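Using the sequences plus the hints, can you model the full thing?
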Amino acid sequence: MEKIDLLDKKILGILSKNARIPFKDVAAQCNVSRAAIHQRVQHLIEDGVITGSGFDVNPKSLGYSTCTYVGINLERGSMYRAVVDRLQHIPEVVECHFTTGPYTMMVKLYAKDNEQLMDLLNNQLQSIPGVVATETLISLEQSIKREISVETLNDKQ
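Just so we're aligned: 125 in the numbering used here is position 125 of the sequence shown, and the numbers increase by one with no gaps anywhere.
Rather than coming from a laboratory, the hints here were simulated on the basis of the structure. Honestly, I wouldn't trust all of these hints.
To be verified - Here are the simulated PhoX-like cross-link-like pairs (lysine-lysine), alpha carbons at most 20 angstroms apart as the crow flies:
1. 145 / 60
2. 3 / 24
3. 108 / 60
4. 9 / 24
5. 145 / 17
6. 145 / 108
7. 60 / 112
To be verified - Between beta-carbon pairs, the in silico distance windows are:
8. 48 / 100: 21 to 31 angstroms
9. 24 / 129: 49 to 59 angstroms
10. 56 / 29: 21 to 31 angstroms
Being a predicted model, the structure only gives us computed values, none of them experimental. Virtual Cβ for every residue (Gly too), placed ideally from N, Cα, C.
Printed below as a string of structure tokens:
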């Protein structure tokens with residue numbers, strides 16, 4: 001990954017607040033041409049600094065009222081990739097992490113109700129070969145959701 005300069009940081013700061021802002025407006029705020037912004041953003045994408053640009057869909061609007069974190073213990077940590085391959089086929093699973101601590105992995109999933117959650121746990125997650133135990137934590141409220149702040153980047157990069 002190449003160094004991120006002050007202009008890149010300014011662009012990232014603007015886009016992180018509003019990813020839909022037109023490049024001409026970003027260019028005006030940065031006092032550079034629209035072509036320069038386009039080129040910089042392309043480099044940030046190619047370098048893996050910007051990893052996505054999409055819309056966040058509110059799961060509740062689709063009927064998913066329960067956000068759940070599930071700690072999963074595996075028979076062996078080396079089974080992680082095979083378990084991830086199986087989890088890929090469960091659309092309600094939206095995140096998966098290989099972790100340290102009391103769980104081998106942690107997944108985030110959404111369920112429409114407790115009945116569906118029970119089905120996801122008992123018939124889908126716990127039936128994956130290698131899964132020996134799960135612990136379920138239901139989120140009651142999401143209080144913070146944000147990307148890492150661009151302002152926290154060290155100017156000496």
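Cross-check of the supplied hints:
With a CA separation close to 15 angstroms, the supplied pair residue 145 and residue 60 stays within the 20 angstroms bound. The straight-line distance between the Cα atoms of residue 3 and residue 24 is roughly 24 angstroms, outside the 20 angstroms bound, and the hint therefore fails. Pair hint residue 108 plus residue 60 holds up; C-alpha atoms about 15 angstroms apart against a cutoff of 20 angstroms. Simply put, residue 9 and residue 24 have alpha-carbon atoms about 17 angstroms apart, close enough for the 20 angstroms limit, and the pair holds.
For the given pair, residue 145 sits about 13 angstroms from residue 17 by alpha-carbon distance, which is consistent with the 20 angstroms threshold. At roughly 14 angstroms between alpha-carbon atoms, residue 145 and residue 108 fall within 20 angstroms of each other, so this suggested pair holds. Only pairs whose Cα atoms come within 20 angstroms are accepted, and residue 60 paired with residue 112 is accepted, the gap being roughly 8 angstroms. Checked against the hint of 21 to 31 angstroms, the pair residue 48 and residue 100 passes, with Cβ atoms roughly 24 angstroms apart.
At about 53 angstroms, the beta-carbon gap between residue 24 and residue 129 stays in the expected band of 49 to 59 angstroms. The hinted window of 21 to 31 angstroms between residue 56 and residue 29 holds, with their beta carbons roughly 24 angstroms apart.
The structure fails hint 2 only (numbered hints given earlier).
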